Structures are given as C-alpha cells and as structure tokens.
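Novice: Sequence:
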Amino acid sequence: MIAALPLWGHPELDGRRSAGRLNDETPFCCKDPHWEVIGPFVGEGIGLETEEQCFIGCYVKWDKHAAGCAQFKLKRRAGGIPMKITVFNGSPRGRRSNSHRIVEPFLEGCRQGGAEVEEVFLVEKNIEHCRGCFHCWTETPGVCVLKDDMTELMRVFLESDVVGMATPVYGMYMTALLKNFTDRFLPLATPHIRKNEDGTFYHDGRVSRMPQQFMIANSGFPGEHNFDLLKAVAAMQGAVLEVYRNCGEALQDMDDPQAPLYDRLVEYGQALRDAGREMAVEGQVSASTQERLNMELMSDEEYMAGANEHWDARLEGQDTDSAD
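Heads up: the sequence shown is residues 3 to 326, going by my numbering.
Please note: incorrect hints may appear among the correct ones.
As the list claims (entries may be wrong) - Using C-beta positions, here's what the derived DEER-type ranges look like:
#, residue 1, residue 2, range
1, 130, 97, 34 to 44 Å
2, 227, 308, 15 to 25 Å
3, 315, 198, 48 to 58 Å
4, 309, 149, 39 to 49 Å
5, 195, 154, 48 to 58 Å
6, 197, 231, 19 to 29 Å
7, 225, 198, 26 to 36 Å
8, 303, 135, 14 to 24 Å
9, 199, 234, 38 to 48 Å
10, 158, 294, 46 to 56 Å
11, 308, 199, 43 to 53 Å
Because the hints were derived from the structure by calculation, they are not lab data.
Remember, it's a predicted structure, so these values are computed and weren't measured experimentally.
Every residue, glycine too, gets a C-beta built ideally from N, C-alpha and C.
Kindly generate the complete structure, drawing on both the sequences and the hints.
Specialist: Written as structure tokens, this is what we have:
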C-alpha cells in the first residue's frame with residue numbers, strides 16, 4: 003500500500019480502468035495498446051459532469067473497482083499480454099526475510115497463472131529520503147529532484163497491473179524501508195486539496211491509471227492485533243488482497259522437512275501459490291483461499307514458549323562468548 007498516498011484521488015471515484023475518448027491530451031499510460039475497451043463501468047448514481055472527471059471520461063465506483071479491473075485484466079491476458087504483478091519487499095533482511103518466504107510462493111502461483119512477476123528488494127536499492135521541498139509540485143511537476151533508484155522503481159510501479167507491499171511489522175507498522183519508499187510517491191500528486199463527503203481530504207492525482215494494490219505483512223508476535231495499523235491503511239487503499247501472517251518466525255522452518263511444523267507450512271505455502279494463481283487468472287482471490295491464508299500455524303502459547311526458549315538460548319550463548 004502507498005501509506006502516504008491515499009490513491010491520490012476520490013476514494014469512490016479512483017478506479018479508473020475504463021476507456022473512452024483518447025486524444026493528444028490523454029496521458030500515455032491510458033494509450034497502452036494492450037488494453038482493450040470493455041465498459042464503460044459507471045458507478046451507481048455517478049455522472050460524468052463533476053470536476054473530478056477522469057481524463058478518459060468514465061468512473062468506476064469504489065465498490066465495483068475490483069470487478070471492473072478484473073475484467074480488464076482477463077481481457078488483457080486473453081489477448082496474449084501477460085498481467086504484470088510486482089511486490090516491493092520492505093524487509094531489511096531482503097532475500098533471507100520471512101516476508102520473502104511469503105512472497106516467493108505467492109509469485110510462483112502468479113507465474114503459473116500466466117503473469118509476469120517481479121519481487122523488488124528495497125534494501126538493495128538506493129532510495130534517499132524525501133526532502134519535503136515540494137519541487138515535484140512546483141518547479142518540476144511530477145518529477146523528483148532526487149536522482150536515485152526511485153526513478154526506475156516508480157516506472158516499475160506504474161507499469162504494473164497489481165502491486166504488493168510486503169513488510170514485517172516493526173513498531174506495529176511497516177518498516178522504515180517501505181515507509182521511505184512510499185513517501186517518495188509524492189510526485190504522483192498535485193498540491194490541490196479536495197474534501198470527501200465524510201470529512202477526510204485528499205490530493206488530486208497526476209496519473210490516470212494506478213495499479214491495484216495488496217498488502218503482505220508478517221509479525222514475530224502471535225495473535226491477531228499486530229496488524230491493526232496496516233489493516234487501516236489497506237482499507238483506505240481498497241486493497242484487493244490482504245495477507246497477515248502472525249507467528250512469522252515459524253516460517254524459517256519452511257525448508258526443513260524435520261521441523262515439527264513442516265507439513266503445516268507446506269500447506270500454507272500451497273495456499274499462497276493458489277492465491278497467486280487466482281490473482282493472475284481471476285483478478286481476485288476467492289474467500290475459501292483467503293481463509294486458508296489465515297490458517298493457524300500454532301497456538302499462541304506454543305509460539306511464545308518456543309520463541310522465549312530460542313531467545314534464552316541466544317542470550318546464554320552471548321553471555322558465554324563475552325566471558326571468554
């Protein structure tokens with residue numbers, strides 16, 4: 003999810019996946035020849051005369067967003083053009099992370115479903131902190147003054163059909179790596195502020211097509227309340243999928259056939275593959291597969307006992323080393 007970026011648009015009107023009048027003023031991303039017109043998808047009671055009207059003349063009401071997008075993706079795939087699904091991994095552990103252990107089988111399933119996939123490890127990228135200078139709003143509209151890897155990552159983001167944000171829970175939220183990455187999406191907004199009917203505010207967007215988004219998060223705690231802040235962000239973004247894995251350190255045993263949890267972890271990995279395949283083929287994940295993604299790996303008490311035993315052993319070993 004783009005944490006600092008509430009899709010840069012009206013929460014009910016930002017599912018802009020239909021097509022209509024294309025002209026020289028239409029943004030390049032709307033002219034992608036791989037997209038074939040199906041629609042338009044017009045939301046309930048929404049006309050086309052309001053000031054937030056999309057460049058291409060159609061709106062999709064938020065509660066119909068996923069269905070509309072799914073139809074476009076199916077059409078694109080049927081035409082021989084693979085859907086592109088990208089995950090930005092914000093774990094400092096990178097390729098050794100529990101986040102990657104979730105992403106890898108999910109993207110494997112996406113690939114089996116015919117999608118083009120990529121996992122980007124943010125820890126391997128040079129991404130400077132946003133300076134808050136607002137040059138991307140004034141002097142160089144839509145272009146950041148910082149010259150680093152974010153230029154290419156922004157291109158990857160915008161060219162994707164579906165984007166996932168993967169993170170371990172740090173301080174009950176996402177990692178600094180992922181937060182810094184999302185902060186740098188400021189050039190996608192304009193400075194103009196609008197007000198929603200519910201009293202919240204947003205910035206007008208600068209692009210006419212945003213990828214669908216989903217969230218993958220894992221926590222070293224047991225229990226279900228470790229993801230409350232991330233769930234709030236996902237709800238604001240209209241996420242098409244949310245994968246929240248508690249008891250995250252148990253995932254370290256996914257490659258150990260001798261581990262007590264191995265069979266359960268194999269089952270969880272298959273659920274992730276099935277979810278990825280459904281996302282690539284259907285544009286969404288079924289309720290039954292989502293339920294499997296929420297499976298319990300072990301009880302809270304079992305996890306706590308194992309984790310505390312692990313750290314006691316680490317601390318004792320550390321003390322012994324220091325004494326030597």
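Novice: Does each hint fit the structure? Answer for all of them.
Specialist: So, going through the hints one by one against the coordinates:
| no. | hint | verdict |
| --- | --- | --- |
| 1 | 130 x 97: 34 to 44 Å | violated (23 Å) |
| 2 | 227 x 308: 15 to 25 Å | holds (20 Å) |
| 3 | 315 x 198: 48 to 58 Å | holds (52 Å) |
| 4 | 309 x 149: 39 to 49 Å | holds (43 Å) |
| 5 | 195 x 154: 48 to 58 Å | violated (30 Å) |
| 6 | 197 x 231: 19 to 29 Å | holds (24 Å) |
| 7 | 225 x 198: 26 to 36 Å | holds (33 Å) |
| 8 | 303 x 135: 14 to 24 Å | violated (51 Å) |
| 9 | 199 x 234: 38 to 48 Å | violated (19 Å) |
| 10 | 158 x 294: 46 to 56 Å | violated (29 Å) |
| 11 | 308 x 199: 43 to 53 Å | holds (49 Å) |
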